[in-house]
Amino acid sequence: MTDANKVINFLNPLGEWDPSLAFVMVGAICAHLATHRFIIKRPSPLFAAAFSLPTAAHIDRRLVIGAGLFGVGWGLGGFCPGPGVVSAAGFGPAALTFVGTMVAGMVIFQRLDRGDEAAGSA
Amino acid sequence: MIGLAASLLLLSIGRVAGISGIVGGLLQGTNADTTWRLLFVIGLVAGGFSIVAFMPSAIAEPDSRSLLAVGAAGLCVGVGTRMGNGCTSGHGVCGLTRFSKRSLVATLSFMATGFATATAVQLFFGGAL
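Protein sequences appear in the order of chains D and H. Heads up: the first sequence at position 21 corresponds to 21 in the working numbering, and the numbers run straight through without jumps. Heads up: the second sequence at position 94 corresponds to 94 in the working numbering, and the numbers run straight through without jumps.
In short, the hints are calculated from the structure, not lab data. Glycine included, each C-beta is placed from N, C-alpha and C at the ideal position. Any given hint might turn out to be false.
Claimed, not checked - List time: in silico SDA-like cross-link candidates among lysine to any residue, alpha-carbon distance up to 25 Å: (1) Lys-6/D <-> Lys-101/H; (2) Lys-6/D <-> Phe-23/D; (3) Lys-41/D <-> Arg-98/H; (4) Lys-6/D <-> Gly-25/H; (5) Lys-6/D <-> Ile-13/H; (6) Lys-6/D <-> Arg-37/D; (7) Lys-41/D <-> Phe-115/H; (8) Lys-6/D <-> Leu-96/H; (9) Lys-101/H <-> Arg-37/D; (10) Lys-41/D <-> Phe-99/H; (11) Lys-41/D <-> Asp-33/H; (12) Lys-101/H <-> Leu-53/D; (13) Lys-6/D <-> Asp-33/H; (14) Lys-41/D <-> Ala-57/D; (15) Lys-6/D <-> Thr-35/H; (16) Lys-41/D <-> Ala-5/H; (17) Lys-101/H <-> Val-64/D; (18) Lys-101/H <-> Ala-34/D; (19) Lys-41/D <-> Ile-13/H; (20) Lys-6/D <-> Val-24/D; (21) Lys-101/H <-> Val-26/D.
As the list claims (entries may be wrong) - Pulled from the structure, derived: some chain H residues nowhere near chain D, Cβ distances all over 10 Å: (22) Arg-37; (23) Val-52; (24) Phe-54.
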């Protein structure tokens, strides 16, 4: 996943398609699935008072459009957030550029979003 | 590895390992959750350094993308993951594991546009942009 070319080739079946990344994701889900249900059966995590899991259940335009926009960036640059941050340790110009503009995008959106909320509640 | 790291975070402090949420939370300023988020990000970067040291070929810059394209991609990813509340780790790995409908919809959405974008670059720009 830290090989941006591999990500781009995974997302482009018309080029030199490399479906191997799907196994990484399925493998991660299987590993997490194997332990997840035993963990959340515990009354609490080891070092915190309670589990803090997402509770939102509604599917709205914001979710679909946001995830869609993320996918556009993923296919355009070949990085998603985790591997982007990991790759930045290699000090490559693309990885550093990606993490820089990603952080900028997050800050910009969070500012705008907070502004909207404040305006909405006023 | 990713799945086990997510399990470890859930077992220790009961949190979902979504990278975009963890980074986004750090950027939001000071709150009680700063310590674990910061440690997690430091761990990612430390992981990056160990890849550089022991398996340098595993980190590769995109050969077929200009810095301008990568910069625009970062903006899309930054805005999109905060708007949609998650990325490949939070929605893709943790969300699908929890059988969350929201995460399934989000994963289908970013997979669809991810494939569409990389394929469009292939079709309309000869695979490089």
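Hints, one by one, checked against the model:
1. Lys-6/D <-> Lys-101/H: It is violated: about 28 Å lies between the C-alpha atoms, which goes past 25 Å.
2. Lys-6/D <-> Phe-23/D: holds (13 Å)
3. Lys-41/D <-> Arg-98/H: OK: Lys-41/D and Arg-98/H at ~13 Å, within 25 Å.
4. Lys-6/D <-> Gly-25/H: Answer violated: Lys-6/D to Gly-25/H is near 29 Å, above 25 Å.
5. Lys-6/D <-> Ile-13/H: violated (33 Å)
6. Lys-6/D <-> Arg-37/D: violated (32 Å)
7. Lys-41/D <-> Phe-115/H: Since the Cα atoms of Lys-41/D and Phe-115/H sit roughly 37 Å apart, the hinted pair is violated (cutoff 25 Å).
8. Lys-6/D <-> Leu-96/H: Cα-Cα ~23 Å, so holds.
9. Lys-101/H <-> Arg-37/D: Holds: Lys-101/H and Arg-37/D sit about 17 Å apart, inside 25 Å.
10. Lys-41/D <-> Phe-99/H: Since the Cα atoms of Lys-41/D and Phe-99/H sit roughly 16 Å apart, the hinted pair holds (cutoff 25 Å).
11. Lys-41/D <-> Asp-33/H: holds (23 Å)
12. Lys-101/H <-> Leu-53/D: Since the Cα atoms of Lys-101/H and Leu-53/D sit roughly 14 Å apart, the hinted pair holds (cutoff 25 Å).
13. Lys-6/D <-> Asp-33/H: violated (34 Å)
14. Lys-41/D <-> Ala-57/D: Holds - the C-alpha atoms of Ala-57/D and Lys-41/D are around 21 Å apart, at most 25 Å.
15. Lys-6/D <-> Thr-35/H: The hint is violated at about 33 Å.
16. Lys-41/D <-> Ala-5/H: holds (18 Å)
17. Lys-101/H <-> Val-64/D: holds (12 Å)
18. Lys-101/H <-> Ala-34/D: holds (20 Å)
19. Lys-41/D <-> Ile-13/H: holds (14 Å)
20. Lys-6/D <-> Val-24/D: holds (12 Å)
21. Lys-101/H <-> Val-26/D: holds (17 Å)
22. Arg-37: holds (12 Å)
23. Val-52: violated (5 Å)
24. Phe-54: holds (12 Å)
Hint check: violations occur at hints 1, 4, 5, 6, 7, 13, 15, 23; the rest are consistent with the structure.
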